[in-house]
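A.B. asks: Here's the letter readout for the chains.
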Amino acid sequence: MKKDKFTAQDIIDTLSADNKRTKRLSEDFYKALISTIEEGLSKRESVKIKDLGTFKLQWVASRKSVNVQTGEEIIINGYYKVNFTPDTELKNLLNKPFAHLETVFLDEDKKPVKKTVKDTIDPIASLGEQAKEIKGLLNELQEVSIKIETPDNELSPIEEIKQQEPKTENISAVIEEKIQQYKAKQASPIIIEEKIEEKIPENNLSTIENITENKVEESKLEEPIAHVIEPEKEEKVSEIIPSVPEDKIEENRIEEPVAPVMEEKAEEPTIISSVSEVEEKKPEETGKEVITQKESQKKEEPTSAPIKLDEIQLPTLPKKKKTWLWVLLITLGLLISAFFVFFFYNWNFNQWVHTHILKDIQEPINEEGIKNQLDEILQLPIEEIEEEIVQSTVRPVRDEWEEVFNARLNNPEYIATVKVNEGSRLAFLAERYYGSPHYWVYIYEANKDKIRNPNMVNEGTTLRIPKLDERLINKNDQRTIDKALELKELYNK
Amino acid sequence: MNHKELVKSISSKMNISEQEVENLLTETISVLTKELSEGTTIGLQGFGSFEVKKKEERISVHPATQARMLVPPKQVVNFKQSTILKEKLKDMPYEER
Numbered sequence: 001m002k003k004d005k006f007t008a009q010d011i012i013d014t015l016s017a018d019n020k021r022t023k024r025l026s027e028d029f030y031k032a033l034i035s036t037i038e039e040g041l042s043k044r045e046s047v048k049i050k051d052l053g054t055f056k057l058q059w060v061a062s063r064k065s066v067n068v069q070t071g072e073e074i075i076i077n078g079y080y081k082v083n084f085t086p087d088t089e090l091k092n093l094l095n096k097p098f099a100h101l102e103t104v105f106l107d108e109d110k111k112p113v114k115k116t117v118k119d120t121i122d123p124i125a126s127l128g129e130q131a132k133e134i135k136g137l138l139n140e141l142q143e144v145s146i147k148i149e150t151p152d153n154e155l156s157p158i159e160e161i162k163q164q165e166p167k168t169e170n171i172s173a174v175i176e177e178k179i180q181q182y183k184a185k186q187a188s189p190i191i192i193e194e195k196i197e198e199k200i201p202e203n204n205l206s207t208i209e210n211i212t213e214n215k216v217e218e219s220k221l222e223e224p225i226a227h228v229i230e231p232e233k234e235e236k237v238s239e240i241i242p243s244v245p246e247d248k249i250e251e252n253r254i255e256e257p258v259a260p261v262m263e264e265k266a267e268e269p270t271i272i273s274s275v276s277e278v279e280e281k282k283p284e285e286t287g288k289e290v291i292t293q294k295e296s297q298k299k300e301e302p303t304s305a306p307i308k309l310d311e312i313q314l315p316t317l318p319k320k321k322k323t324w325l326w327v328l329l330i331t332l333g334l335l336i337s338a339f340f341v342f343f344f345y346n347w348n349f350n351q352w353v354h355t356h357i358l359k360d361i362q363e364p365i366n367e368e369g370i371k372n373q374l375d376e377i378l379q380l381p382i383e384e385i386e387e388e389i390v391q392s393t394v395r396p397v398r399d400e401w402e403e404v405f406n407a408r409l410n411n412p413e414y415i416a417t418v419k420v421n422e423g424s425r426l427a428f429l430a431e432r433y434y435g436s437p438h439y440w441v442y443i444y445e446a447n448k449d450k451i452r453n454p455n456m457v458n459e460g461t462t463l464r465i466p467k468l469d470e471r472l473i474n475k476n477d478q479r480t481i482d483k484a485l486e487l488k489e490l491y492n493k
Numbered sequence: 494m495n496h497k498e499l500v501k502s503i504s505s506k507m508n509i510s511e512q513e514v515e516n517l518l519t520e521t522i523s524v525l526t527k528e529l530s531e532g533t534t535i536g537l538q539g540f541g542s543f544e545v546k547k548k549e550e551r552i553s554v555h556p557a558t559q560a561r562m563l564v565p566p567k568q569v570v571n572f573k574q575s576t577i578l579k580e581k582l583k584d585m586p587y588e589e590r
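If you read the protein sequences in the order shown, they are chains Y and R.
Taking the working numbering, the leading residue of the first sequence gets 1, the next gets one more, and so forth.
Taking the working numbering, the leading residue of the second sequence gets 494, the next gets one more, and so forth.
Chain Y on its own, in the form it takes in the complex:
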């Protein structure tokens, strides 16, 4: 246990302990040391001890004071006080943790600014800098999200390909429609997926073919849902099924390694695919021989389809080199926003899926039920997107206000100058000019050089009333009052 105070006795103890001196000697030494220092001081000398520091006497002049109880004025006589200046050795030792720090010039404010403005900036600057950084980030995010909204309407070439692609397959028309609806409704998330797909051929062109070859096998592994949901059905079916919605699986496959964030969105395609599997069974029941043919067809398709995609995408790559940068930026932004959205909705959505979909799917499914479920699924993301948009529209207003608040000291304009009368207070002036006494802090800020104590303005002082942005002195806005109170706290310290 470390004592929080080191006493004279401790010094004596350490002296006698380490060197096996007698306690008496150590004690005598300590007493002699102290008395010698005192002697030296009483001779008005400074006493210097190597590696420790210098003791010096300092005269404290007599001053007037007031007896707190009686209110009488008393005079405190001047006296000598012992001043200790640590030696450089000791100073360096103490400042070891900060040794690497040096005085930094803040060059940003080197321009000659009015002295009054400068003084007021200082306490706020550190807060303002952080706020600006955060604001900058938010603005970037907003810009990105705006750019994302524009490509929503135009379908990218790959998407068109995809829409054509399923037609070649023997999937029922209903499912196709559903998938397209889903795609259209979830336009923004799907664009992410596509872009990720686009990226991959760029990065590892050589590996793609291998991937597509393995796809059939992998897709079987990745679709445990299919096995779980239809244990009663023939195994053959479940083997065929995974190969059918190959474009969906591809999406899943790509999403998973890139961002676990996309899990939420990835879940929906799997559900759809499982649904499509169920519908797929019906032709199978009618004639099993036909299915074997289909099986062979479908197993060929997945290998050929992705390669087609690649072939189409590749030629466009060199032309769009600059756009790639944008695409990368946008995807980054989307990923970040999706990350937040995911965290926000993950829990709710998962629970919803568990309670509504998974339970229902395990029951015997009829086609209408599937459609309804699909509709429900498709409607959900729109609400999320809408909420997101609402959030993003709320932000800029707040930022703007913060900016106005931070900029209030930069170019001070004055609407009036007032000479302080007896009994006049800053709060009164604030009420007269701004409509609420809370805003007196702004007057103080503008006249900081003249007002020593904001609660007591000297009579006859000429004050300038700064022109403030309407938004800063909007009485109905609680933020303005909060901010003013915050400043008040700061200045009353």
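Hint data in this document are derived by calculation from the structure and do not stem from the laboratory.
Errors might be hidden in some of the hints.
[Said to hold, decoys possible] Label pairs and their calculated CB-CB ranges:
(1) Y:Gln9 x R:Lys547: 19 to 29 Å
(2) R:Thr576 x Y:Gln130: 38 to 48 Å
(3) R:Val554 x Y:Pro97: 25 to 35 Å
(4) Y:Ile74 x R:Val554: 36 to 46 Å
(5) R:Pro556 x Y:Glu72: 35 to 45 Å
(6) Y:Arg425 x R:Ile552: 25 to 35 Å
(7) R:Ala557 x Y:Gln69: 40 to 50 Å
(8) Y:Lys450 x R:Pro556: 12 to 22 Å
(9) R:Met562 x Y:Ile75: 38 to 48 Å
(10) Y:Lys31 x R:Lys497: 19 to 29 Å
(11) Y:Glu140 x R:Lys573: 47 to 57 Å
Note that CB positions come from ideal geometry on N, CA and C, so glycine has one too.
Please arrange chain R on chain Y, whose structure you already have, making use of the hints.
C.D. replies: Quick look at chain R alone, frame taken from chain Y:
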């Protein structure tokens, strides 16, 4: 009074060699500095107390050039005389040096 004078004065008081005093003194100082660097307050009865205080970083403005500087935080030793010492020094008249 510098270090040497201090040692001489102590040795004459205690009737021991200056070398011995020197040893004792360096040891005392090393103990004191060690304790201070660990942030422990040292209280010497009848004399005063040493305390390490941290001065936060601050922005200072050069009065002539208006250049703003960020001064890093630092530790300082604060010495506060005890009331006993204060009483002793109280009656000392002021004297211009």
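A.B. asks: Against this structure, judge whether each hint is valid.
C.D. replies: So, going through the hints one by one against the coordinates:
{"no.": "1", "hint": "Y:Gln9 x R:Lys547: 19 to 29 Å", "in the structure": "holds (27 Å)"}
{"no.": "2", "hint": "R:Thr576 x Y:Gln130: 38 to 48 Å", "in the structure": "holds (45 Å)"}
{"no.": "3", "hint": "R:Val554 x Y:Pro97: 25 to 35 Å", "in the structure": "holds (26 Å)"}
{"no.": "4", "hint": "Y:Ile74 x R:Val554: 36 to 46 Å", "in the structure": "holds (38 Å)"}
{"no.": "5", "hint": "R:Pro556 x Y:Glu72: 35 to 45 Å", "in the structure": "holds (40 Å)"}
{"no.": "6", "hint": "Y:Arg425 x R:Ile552: 25 to 35 Å", "in the structure": "holds (30 Å)"}
{"no.": "7", "hint": "R:Ala557 x Y:Gln69: 40 to 50 Å", "in the structure": "holds (47 Å)"}
{"no.": "8", "hint": "Y:Lys450 x R:Pro556: 12 to 22 Å", "in the structure": "holds (19 Å)"}
{"no.": "9", "hint": "R:Met562 x Y:Ile75: 38 to 48 Å", "in the structure": "holds (40 Å)"}
{"no.": "10", "hint": "Y:Lys31 x R:Lys497: 19 to 29 Å", "in the structure": "holds (20 Å)"}
{"no.": "11", "hint": "Y:Glu140 x R:Lys573: 47 to 57 Å", "in the structure": "holds (53 Å)"}
The structure is consistent with each of the numbered hints, conforming to all of them.
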